[in-house]
Structure formats: structure tokens, C-alpha cells
Amino acid sequence: MKIIACIKQVPDSEAKVKVENGQITWGESPLVINPFDEYAVEGALQQKEAHSGTVTALCIGPESAKEALKYALAMGADDAILISDPALEDIDSIGAARVLTAAIQKIGGVDMVMFGRQTLDNGTGLTPAQTARFLGWPMLGWVGRITVEDGRVTVERVLEEGRQIVKAKLPAVLSIVQSIGEPRYPSFMGIRRASKATIPVWTLADLGLSAPTAAVKRVEIMNPPVRETVCQIITGDTPEAIAEALVEKILAEKVL
Amino acid sequence: MKTWVYIDHFKGEVQPSSWEALGLGKTFDSVTALVFGSGVETLVKAAFEYGADEVIVVDHPELGDYRAEPYASTLSALASSHTPDLILLPTTARTRELSAMAAVDLNSGVLTDVTAVEVNGDQIVFTRPIYEGKVLEKTICTARPIFVALRARSFPKPPRQEGRSGPVIRAEAKVDAQSIIAGYSTTEASVNLGDASVIVSGGRGVSNNPALGLDEKATAQKGFELIGELAAVLGGAVGASRAAVDAGYISYAHQVGQTGKVVSPDLYIACGISGAIQHLVGMRNSKLIVAINKDPEAPIFQQAHYGVVGDLFQIVPALIAAFKKRLGK
Ligand SMILES: Cc1cc2nc3c(=O)[nH]c(=O)nc-3n(C[C@H](O)[C@H](O)[C@H](O)COP(=O)(O)OP(=O)(O)OC[C@H]3O[C@@H](n4cnc5c(N)ncnc54)[C@H](O)[C@@H]3O)c2cc1C
Ligand SMILES: Nc1ncnc2c1ncn2[C@@H]1O[C@H](COP(=O)(O)O)[C@@H](O)[C@H]1O
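Chains as they are written, first to last, in the working numbering: chain H, 2 to 257; chain P, 121 to 449.
For reference, chain H alone in the conformation it holds in the complex (with noise of 0.2 Å):
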């Protein structure tokens, strides 16, 4: 079974994220490898030991996210690619996935693409639809269980109204969620391996692209507006007289 893990890397979600002089800036914090797509990266580990074969780990980004690649590595990932080219700055998430589909492409005889649902920095949650869309394989997601027999998946996606059981062919596309299980932490053999790995960068040109225009282009950011909650700590001698001066307080703000 031949596995792709789609990675982004995005800062910490402890991170003070701001606008400052008109950048997005986070300090010091670190950039990590989206929470979502450990779930991705842990779902393909689950499917490679359950049949054996290859978990590749691939993402878009500047050189730096090759640290986000090596996260995966040690986890357990086989191998990682890193996509990096000025032009790939401002894409969309129709960029992204195009770009994605010709890796995906030209990697070659894959049986099943992983996506996290969401990435924590643009957090559209469009991009495993759109590869899904691309590559013309069906499109699985929010998916929290996985059983593949005889070239067919059969998933469980966990959706609002319940857990609903889907099957497909292969290959196919899947968004992975929480249900699937803790993602590993990478092993003190993995972690060697990986700062030892050389990831290959690929551009524009080695997938024969040209540069994605972006449909969708930011023209603003802002901080949103500060909001100054002192919160009233509300006492009383019984639990009694605490509901009951609480319920004045909530119906005084008139919000139910």
C-alpha cells in the first residue's frame, strides 16, 4: 500500500498570533506541524502496518518546513518530499491542491491520500475536496476509522448526526480526524532517523506547472477587536443564593 500524508507546518496554536505593522507575527513561538494532519500522518502509519507498504509524507511550504517533514519522519514516516518555490507564496487552496495532485501524480501508483480537515493558519478545510476533485478519486472525509479489503475502503466518518459507515474504491482521498486515534510520538530511533534524512525539494518546474494564480486574495488583515472581559466572581453563602444572584445576572444581559 502506497500512502501520501499531506503536512502543513503553521506556528503553535500557544502562539501569540498578531498583526503588527501590517505583518502576522507570532514571537518566538515555534512552527509545528499542523495538529490535524498528526492525525493524517497517524491514520497512514495505521493502514502501513496493518498491510505494509510506504507512508510518504509531502507538504508545500518554505525550506523551513522541512522541520514539519522530519516530525513526520520520526513518527514513522518512510520517506518526505517538500514543495518550495517563490511562486507558491500566495496560493489559494485550489493552488495548493493543484500543485499537491501533480505530486501526487507524479509520485505515482499511490492507494491512498491522508489530509488533516483543517490547518490551523488559513484553516479553509478545502483542500482534500479540491485534490480529491483534481485527481477524480473519491473524497472521504472527517473520517475516524479505517478498513481496506480486496482494493475497497470502508470508513467511518464522523460527522454532527452520527457515525456514518462509507465505502469506496481505490485509490482514494481521506480527511482524518481526532476519532482516529492519539498520534504517535515519534521514537528516539525515529528522531535519529530523521535529522539524518536528506528531503528532496521539488519546484513549480520538476512538476511541470506553471505559477498557480490565486482566485482568492487577501487585502487586509487586522487584529480583531480586544474584547475587555473582568470577570465578576459571583458568591453567596448557599449554592442556592449563587444560582440565584447568577440567573439575575444572566437575565440582566438579556441573552437568552
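Be careful, since some hints might not be right.
[Claimed, not checked] Under 10 Å between C-beta atoms, here's a sample of chain P residues computed to sit facing chain H:
no., residue
1, ASP233
2, ARG284
3, SER285
4, ALA438
5, PHE443
In short, the hints are calculated from the structure, not lab data.
For clarity, every value in this text was computed on a predicted model and none was experimentally measured.
Even for Gly, the Cβ is constructed at its ideal location relative to N, Cα and C.
Following the hints, position chain P with the ligands against chain H.
Just chain P with the ligands now, kept in the frame of chain H:
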């Protein structure tokens, strides 16, 4: 500006923020609503009553259960022959896929989680949160049609006008599904956190009631019954922290936060939740936040408007009683 609104539903149950999209569409121009599915006449009626001026219906047995490919192919075929400028949708798991694929077909663009729209002549500017709401961006889309997926509860829901109707256009389905829905392993009562105006959430603290003398999970489930009772009194939904979900106290569909749902109800009551950043990014835009926690140092209090330092197993039952009394239930 030719505006379409896609009415998102699951087996006939409409995502209420579809009506918010209709309301927004009406502020630009007359609106055509799109209803896809099988046996969807009641939805067509509802679309008119919420303000649609015209409805395009695609009614086909193969569209009974939503699947990305046939819905997307049907939508892009319609859009390429009718050339709308804007296609408004609520942001849901389904519409992310649908708009993503249709935009590929039409070589256009999608904006998700849109919280504001400004129209200046030909230029339409969309505001959406990025970096988990830590930054806002304004974006434009140079291609047409623009798929605009709205964040729930960001635009007012129009009033329903009983009996209002209009012209119906029937269109063909493109049936090209690439998957088979084999069924549902669990059908949880649908948890509609995104649209809820009140959410009462429980965290790991919900399992901490030694007085019950039960094991941890049974205690937590009792605790969530209590949370559910408060939610019911307020006509709200039940949310949860990831710690509660991971421990198996309640299903993932209830999870609020970075890897769960982002919500912005009018009232959010956090019970036994510490307030980790990954939880806060999912609920801090709620209008009024109330926290109940034993630990006065819990970071949730820094986000809350009102707080109670105490045992939720004492406070929540008292709150249920007090609300029942005041709301006349
Ligand atoms: C990549 C990533 C993604 C994540 N995504 C999410 C997410 O989507 N949503 C999310 O919620 N978390 C998420 N987390 C986890 C998050 O970091 C916290 O671990 C989690 O939110 C903690 O849940 P909690 O507040 O219920 O538990 P705890 O932090 O254990 O807090 C329990 C609280 O209950 C209080 N308490 C105990 N007993 C009582 C009682 N009887 N009465 C009143 N109060 C009591 C305690 O004082 C404590 O403050 C994520 C973490 C990571 C790393
Ligand atoms: N630059 C990228 N490189 C590789 N994969 C990506 C990239 N951007 C997005 N993805 C994948 O697409 C998913 C959804 O991203 P998004 O559509 O940006 O929310 C992510 O969880 C990743 O799996």
C-alpha cells in the same frame, strides 16, 4: 448581482444558518435558493417562506443521502449554465466539500467561515477569521461565481413569512457518486453546536463527584446528564472539552475547541473546564461566558464574564432550579 443560496440539510433537516445566508442574500438582490435532495418539497416551501424569490429544485432518489460528488457536479452544472455571481452557503462539513469541489469545476474560489461582507460597487470584500480567530483577514475573489460559506450566527436570521411562495425551477441531477453509504454505526441525536444560541459544556471536572460512589466514567455520565438538564432548561445544546471526549464521557460531536467545533452562542456556560487555549479558541467569541470551576486560578475565569468558584455538582442543580423558577418552567 445574481445571488444564489444553497440550502444545506441532512435528510431534510435544514442547517438553520442556511436561512441566515438567505437573509444576507436578500440584502444584495433577489435570491434564488437551491434545494437538492430526495422528496424535498417541504424544504422548497420553507425556502420561500424565509425569503427566496425563486427556487431551483433538484429532486432525485440518488440525492437522498448527501454525497460530495453528485451534489458538487449538480451544482457546478447549474452554475455554469446560469452564471450566478455569488453562491452563499452556511459553513458545514458538507458545504466545505461541496463548494470546494464545485469551485474546482468552475475554476473559481471559496471563502469559508465568513463573518462579514461589504459590497462597494463591483468589489465585494469578505472578512474571515484566520489563525484560530487570532487574526482577521479581508479577502476578495477575482473569479466568478464566488462561493461564500458563512459562519453560523454571524448574520441575522430572516423572519419566516407563512404561505409565501414563488416560481419553482426543476433541474436535472448529475449522479456520479464515487462512494456508497453503508449505514450509520451510531446515530447520535444530532448535535448542532454551530447554530445553538446557548451551550452548556462539561469538562473533566464532570467526573469529579466522589459523593456518587460510582466509577469515573459512570460518574461523568451522570454529570453530563446534569449538564444536559441545564442545557434543556435553557433550550441549548451540550458541549464538551476534549478531555471529556477523550475519556469517553461523551461523543466527539460535542467537542468544542481547536480540534472540535468553533462556536459563538449568546450564552456559553463552562462547567469543570480549565480553559486551555485549545478550548478557548473554540468558544471565546461567545457573547456571554459563564464559568463554574472549583479552582479560582483556572484560566477559564480570564475569559468569563461571570464566574462561580465552587463544585459544579452543587452549583449546577441549584442553577437548574433557579432557571426553572425564573423562566416559569
Ligand atoms: C493539538 C491539540 C488539540 C486540542 N484540541 C482541543 C479541543 O478542540 N477542545 C478542547 O477542549 N481541548 C483541546 N485540547 C486539549 C486541551 O489542551 C486541554 O487538555 C483540555 O481542554 C482540558 O480539558 P478540561 O478543561 O476538561 O480538563 P482539565 O484541564 O483537567 O480541567 C478540569 C477542570 O475541572 C475543574 N473541576 C474538577 N472537579 C470539579 C468540580 N467538581 N466542580 C467544578 N470544577 C471542577 C478543575 O479545577 C479543572 O479546572 C487540545 C490539545 C492539543 C494538544
Ligand atoms: N501547504 C500544504 N502542504 C501540504 N498539505 C497541505 C498544505 N495546506 C493544506 N494541506 C492539507 O490540507 C488540509 C486542509 O488544509 P486547509 O484547506 O488549508 O484547511 C491540511 O490539514 C493538510 O492536510
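Here's how the hints hold up against the structure:
1. For the restraint placing P/ASP233 at the interface with chain H, the shortest Cβ-Cβ distance is roughly 7 Å, inside the 10 Å limit, so the hint holds.
2. Below 10 Å, beta-carbon pairs count as interface contacts, and P/ARG284 has none with chain H, the closest being about 29 Å; its hint is therefore violated.
3. Checking P/SER285 against chain H: minimum C-beta separation of about 29 Å lies over 10 Å; hint violated.
4. At a threshold of 10 Å, the smallest CB-CB gap from P/ALA438 to chain H is about 4 Å, leaving the interface hint in force.
5. With a least beta-carbon distance of about 6 Å to chain H, the hint placing P/PHE443 at the interface is held under the 10 Å criterion.
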